[in-house]
Structures are given as C-alpha cells and as structure tokens.
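Colleague: Let the sequences and hints guide you as you build the complete structure.
Keeping their order, the protein sequence lines are chains A and B.
Using this note's numbering, the first residue of the first sequence is number 1, and each one after it goes up by one.
Using this note's numbering, the first residue of the second sequence is number 1, and each one after it goes up by one.
Possibly wrong hints are sitting among the right ones.
No copy is singled out in the list; a pair is fine if it fits within one copy or between any two copies.
Stated by the list, open to error - Calculated lysine to any residue pairs in the SDA-like style (CA-CA distance at most 20 Å, straight line):
(1) LYS339 to VAL111
(2) LYS181 to LYS339
(3) LYS301 to PRO332
(4) LYS373 to GLY46
(5) LYS96 to LYS341
Please keep in mind that the hints were generated in silico from the structure rather than gathered at the bench.
What you are looking at is a predicted structure, and each value in this text was computed from that prediction instead of being measured.
Number of protein chains: 2
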Amino acid sequence: MLKSIKDSPLYPMAHPESIAICGASNSVNAMGTVLLMSLQLLGFEGSIYPVHPREKTVRGLTAYRSVLDLPEVPDLAILVVPTQVGVQTLDECGRKGIKHAIVVTAGFREVGGRGIALENELTAVAKTYGISFIGPNCIGLANPYHKLNTTFMEYEGPPGFIGMASQSGSFVTQMFNYISKFGLGFSTAFSVGNEAQIDIVDCMEYLGVCPHTKVIALYVEGIRRGRRFVETARSIVPRKPIVALYVGGSEGGKRAGFSHTGAMAGPDRLYDGIFRQSGVVRVHSVTELYDACWVLGSLPKPGGNRLVIQTHSGGPGAVAADSCGRAGLDLPPLSEETKEKLAPYIPHTASIQNPVDLTFTKNPLDYFGTILKALLEENNADMLLVYLLMVPRIAEQTMLELGVPEDRIPEQLRKLHDGMAGSVADLIQSHGKPIVGYTFRSLDEGIIKHFIERGIPVFPGHERAARALAAMARYVRLREKLAAGESDASAKGKAA
Amino acid sequence: MLKSIKDSPLYPMAHPESIAICGASNSVNAMGTVLLMSLQLLGFEGSIYPVHPREKTVRGLTAYRSVLDLPEVPDLAILVVPTQVGVQTLDECGRKGIKHAIVVTAGFREVGGRGIALENELTAVAKTYGISFIGPNCIGLANPYHKLNTTFMEYEGPPGFIGMASQSGSFVTQMFNYISKFGLGFSTAFSVGNEAQIDIVDCMEYLGVCPHTKVIALYVEGIRRGRRFVETARSIVPRKPIVALYVGGSEGGKRAGFSHTGAMAGPDRLYDGIFRQSGVVRVHSVTELYDACWVLGSLPKPGGNRLVIQTHSGGPGAVAADSCGRAGLDLPPLSEETKEKLAPYIPHTASIQNPVDLTFTKNPLDYFGTILKALLEENNADMLLVYLLMVPRIAEQTMLELGVPEDRIPEQLRKLHDGMAGSVADLIQSHGKPIVGYTFRSLDEGIIKHFIERGIPVFPGHERAARALAAMARYVRLREKLAAGESDASAKGKAA
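Modeller: Shown next, in the form of structure tokens:
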C-alpha cells in the first residue's frame, strides 16, 4: 500500500503545474484542440503549451513546433497526435526530460497486427527515459479539485467523492453529466486505455489513499495483474468501498470488450471469485455502479442487512418490499416498543407491519420527523427506505390555506423542504444509520431535490433503491469477512 | 371474450354522461372534494352532482343532500363517504335506480373483522339492485379519451395506449406524471381495490377490446379467479400484449400486499406458471412494467430475439452487449453482405462486430441514415439497439462553423433533430423491425427528445433497454407458443 498519494507516479499527472498538449491546433475538429478547450473551460491554473508542427498560436496561447522547443520541462505531456508519430513524439518528450505522459493517441494493440509492435516500441521508449504514462488509446484523467480535465468533454457538476478507474474512456467523460444530475462528482477519474504501462491496479492504489475519494468505482473489461489486484483491493476495502462493473463474463460483453481495448476477459465465475476475494462489490450496470457509489460515499454504513420501509402508499410499499427481498435484504417485523411509540402518530387505517404503510399522515411533518425517528431507533432495523411522493400543487394548495401569501409560497416551500431534509440528514448522522429515499417523481422537484442536496440519496424507482441498499449491505459483509480472514491469519501467525 | 367494449359493465363507468359524487364538499381536505377537482381539471363534459348532507353548492355546482334528491338518474355514482355510511349510500343509489358505482370508501375487508361483514353487506346491496361496482377501497378510474378522471390526482400528459388494471390505486394515480415523462399516457386505467365484485380479470377483458389500448399493464397482488384469468389472457394475447408486475411471491411482497388489499398471494413459481400459461410477460418492477409497455405499444414486433447494437463508444457498447446477453437476447455476427455495405461509411478504427462500434462517424448524418438502414436490412437482426450521445454544445459549435447565424441555431437544430428522428421512425415502419435507443443523458434534450416525440423509445441506461427488448422478444415467443398450442388442440380435435 502507498504511504502517501505523493508516492504514486499518478500524483504528478493528476496535479501538474505545467502541461504540453501535442496535437492541439486551431481546428475544433482536432481532438487535441477539444481537449485543450476542456482544460481551459475548467479553469486550469498552470501553464499550457500547445505543441503543433505548423501553428504559431493556439486559442490565445503561444504554440511550439516540438516539445524540444518548450521554455521549460512541463510536468505532463499529453499526446493527441497521429499514430505514426506517437512513438517519435514520446521520444522527444524523453529527450526533453519530461517524466509523465498521457498517450491519447490510438491505433496500438487494440487494432492488432502492426499496432502490437508499435505499442511495444512506445513502452520501450518510456523505459529508456524513465517516463510514466497512461494509455495509449485512453482519454486521460479528470481531477476537478486541481481544475484539471484532459478529456474531450466538458467537466460538469461539482468536484465529488467518487474515484473512478475505467478501461473505457466513455465511462469517464460520458458520466460527467450523468452523475452531476444526482449532485455527485468525481474526486479523480482515470481512463487507462490499453494499460501498456500504468494499469487499473495503479489507479485503484492511488484512489485508495486519495483524501477526496470516499468510494472507488471500477469499469473492468479484463484484469491483467490478478494477484496484485486482489492484494491492493484487500488493503483498501477495510477503509474504503470498491465497486466494480465487469462485462467480460458474458459472450456479448467479452466480444465487445476485446474489440474495444483488446483486454482478455475471463469467465464470469472467475471474476466473481476475484471480486469476492478482494472484498469488491460487483454490479451489472452503469446505473447500479453509480447508485452503489452514491449510497456508499454519502451514508453511514449499516450494521447488517435488516431494512424497514416507510410509505404512505400501499402499492409502492409492496413493490419495494418485493424488490428488497429479492435483492437479499431482510425485512424484520417491528418491535412492540416501536409500535407503541408510533401509535399516537398514525391513523387507524395504517399498517404497522414492515413496510410501515401510514396510508396518510395526520400531520405531514411527522413523516420526516417523529415517525422516521421512531423507526431509526428500532433495534431490528439497520437501515431505512422511505417513499417520497411530492405533488407540488398539493403543497402549494396547503400553504395557501394556511394563509401564506401567494408570492411568498415558493420561498416558504423551499424553506420548509430544506428544513425537513436538513433534519433527516441530522437524524442520519446522530443515529449512524443510513436512510435512502425512492420515488416515481422527478429528482429535481420539491423535497426530493432538497434531500439530494443534503446528501441523502433518492432513487427513481424501488428496484434501484433495493439494489443500492443491498450493495451497501454487501460491502459491510465483505469487509467483515476480510477482517475475520485477517485475524484468522494473524492468529495462525501467532500460533506458529 | 367480449364482442364489443359496450358489452362490458365497465363501459358505462368509463363513459358516463352524468356522475354523482357522494362525499364532495367545500373542504379541500376531503377526498371527495379532491376527486371532484381532478374531474373538473381534466374538463369532464357531462353533468356532475355533488352529494353532501350539509353543502348547498360545491365548487360552483348545486349540491344535493342525497342521491335520492338528484334531478336525474346519473350513469355513475362515486362513493367517497365515511365507512359507516357506505352501505346505506349504495342502498340509496340502488333505490334511485343507479346501476354503476365506484366505491372509493375504505375500511372493508382490508381491515379484517367487522370490515369483512361490511363488505358482504355492500355486495348484497349491489346484488339486490343489480348494481355493478368497482371497489371498495379503490380510487376508481381514468379514461382521458372521455376526459374522465375519478382519482385524487390530476391527470398529466396525453391520452395514450396503455390500458392499466391495478390492485393498487397508487399505480394509477402516481403513474400519471411518471409515464407522461416518456410521452406516454393511459388509454383507460382501473384501480380495482378489494374487488368485491368487479375484478382485475373484468378490467383485462374490457381493455382487451378497448380500441385505444395497444398494450395491457397489470399490477397484481393476488389473482382470485385463476382459471378465468388464464382463459381471458389467452384470448387477448394473440392480438395485444399483456405485461404483469406481481409482488406477492416474495416474503416481503406477500406481507405488504396482504395488509394492503387483503389479497392472498401465492408462491412465486405458481404465478410464474399462471403467467406463462396465459402468455403474459412477467416483470419485476414498476420501471420494467412501463418500459415493456413502451416498446410493446409503440414498435413493430421483432421476428425473434436476435439483436444488433450500434454505438460510437466502446464502453457503452460493451455494457449493452453484456446486459442484452444476460437478458437472454442473441447478438449474432453481421453477414458479409452487411459488412460490405457498411465499409464506405465507417472509419478504419471502427469494429464491425456486434456491437458495431463506429468509434466516430465520418458524417454524423450516416449514423441515423445509411448505417442504421444497412443494419436494419441485416437478415441476422430482428431488432436494433442504438446508443445516443448528444452533447448540445458540440452540435451548436458545429452549426456555428457551418456558418449558421447564432440566433437561428436553436431552430436549425430542432429541425435537424426532428428530421433525423422522423427518418428513423420511417425506417422502423418501412422495415417492420423495432429500433430502441439508450443513453446516459437526459431524455428531454436534443435528438433524444425528438426520438421520444416520434414514438421511438429511448431508455436511460443499457439495462433498462436490454430488459425492454427482452420483454418484446418474450411476448413474441409466448404468442407463438399460444398459437402452436391452439393449432395442436385443433389438430387433436380433428383427429378425434
């Protein structure tokens, strides 16, 4: 395990003070140019040196014919040049004394034949000069905390807590917008491309000690260093959850992955075994990957897999119970003590089973107050799932009847919702138990929006909520197993 | 099977010219009032008679102390009265000569004990007077084609092609907003409540002959008339797909369902068998239910389960291939003929496997034009899944460079996108093969929005797309099996 993030060769790549971009020009059709635009859009504060054989200036910056002409040795070179000059350009970087590079250029091992030989040449050049590099055939990385984005797409949303290492560049760039819709962001996201030198294990190791990273997401088409993967993951998982999406196990996924990055996939069960040994939570879709990261990065971990569902609508409660059961969660009955606590607050039509179906609430404030608190205090519950149904018109109507002037209603509603969401966030912290919401409404309205702003995940639909909760319970179980395995090993050590 | 929709007792309930609402008042906290508001909001064009013991007028309408005082015999009475006067109110309806009722009032069999006896009294009264009724403990129905909405929530979106019969009222009301976001709407949606008389089978039978209904959605907590369910479904499925969400099979779902409507659930495998025999496609979440309805109601049916995936991003292609494989779809290789057709249009970095990963398109118009058409013509493909990535800024930038004045860009983009979506819709019709999109972007932007407006489903994420396509393939297989079974039976008949 790394002692400090600064011991990783990835640290200078994720925190450069100066960057050369080989291949940036004044044509917005050139990938190097688009990459430069992303970098400028996020407000990168260091020096940027466009390198191009013919341009004098590029997007307001002095351009250089070769890295050899640069006025200083940049911390990082990004290569977005044609395949045939890739090796030569890296060689020039080496001669200049550049020690870190991102090779975006494609046309290497992934195309087979001559590409394989070319990739070997690239690696040999790097070795000669002691260059650490990511790629080729990658899109680089994004570290929004350093205002660094070396990809083709604009970084959207805030810096966040998800550390990503991906064998597909799309699952870095095309996720900027996707995760920002849930109020999430990346701490640092790596696209590793063909992994000619730095691989997904190096990135995982880096993210393991990255202080901004609370949870690690992996997109895997094939793991080359199996043993090292397991060891590294096992050293991280006790402190930080790792979630992996692996697609190579199915016929379709295997074929697609191979033609994509040339990764050799293995049978599904083999990878299941690797992930289980490593303490890594495996998921089966991009949606599940980020849903799991959302709950694992923003909520306290549950003590076990016993769940209580709170709803005021029978059908949504029943489908959630069904999905949670199928996902392997346990729905225990409530204790007598909790039932007594709830009694004063719930109508006679309610069902105090699990799901707790209130049918309606005598006082809407109780739903996120007294009732939720009583359920959090339930000893049989490790976590809570709460149904959210907000109909803006009804809330507005109620305010009107309470005598709130019409023009002040939006502000009053905002305050009310934020207050409720805030007190739920406080309850989560004070009780150390996770609460997750689910809804069929949009995530950008009423109290749902405020829940999300306060870091309480709300899922569109019961199945996504069920799987995210199950991922959280699975992490806890895997972590326990690792701990038990370790103490077994140390006990054996002592006995020997 | 019904010969005509008009032969069903549900027809007058879904097409009344006059309605009495027992329980509507001037308090917006009263459920009867909220129901009246929904009815007025959708612009119901017939007569509405509020019935309340004390009110003189209700929301601008003359109110009556009892249905006995009404100036005419209304086609439909809706009972939203306290439990203790439910039976008496239905009795008065009978004495007035009313033949159709929706009993929203709750507190019957679902609460057990005295409630069971009360429900029996209700049924007896209905029998005495020959009243057909839905409920009790339901929320009634919505038929937007008749501007009829007898529920507590405002109908949102257009009238549509999904016929719904639900044992939970929430899955009628709380879906108005949900499905409208996909451009979908209900033809007619029924909440059956406790099914004291009219049940989910009656509703299914009605929807089977409803001309606006292209696909039937069922939410099932327990089926009472098993044999009749199977017979009815088998008579509908050859013409119209039926999709069912059943939650009673798991422990959590069973308990929740029982306390909800008192339905007795059966083991999962039993219901799996009932659905299979009936030709009904079973799903496991609300999301899946409406996703399946979306594709089944808006696209031509595939000839089999062979799928081709088209993408320009490797990772998204690989995860889609993985999900589709897991969902049971087949991803055959392309024929030599198709590969030859594609050759001129794709870059050398592309992979002409399945997924067809273009990496990028030489001409963006080819993606939804020549390339898509060549894949539709592929004999090995029964259906297509296409990855959609729209980045509004990039499209705008391209327009600017083509010399389009900045203020005309939004309109030009709209035209461009609508044109592309329109030609894809035409390709679907002319080739009789379904095309479905998937994306990680919002559904309300760029070309994605236009796809949806043109009736081409686009799913958020690969897994939802995979399951929807699999549901479509499953319907086709079930329908074939029914047809084979029938011809077997008739062959046996002939032999005998």
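Colleague: Looking back at the numbered hints, which does the structure fail to meet, lowest number first?
Modeller: 2, 4 and 5
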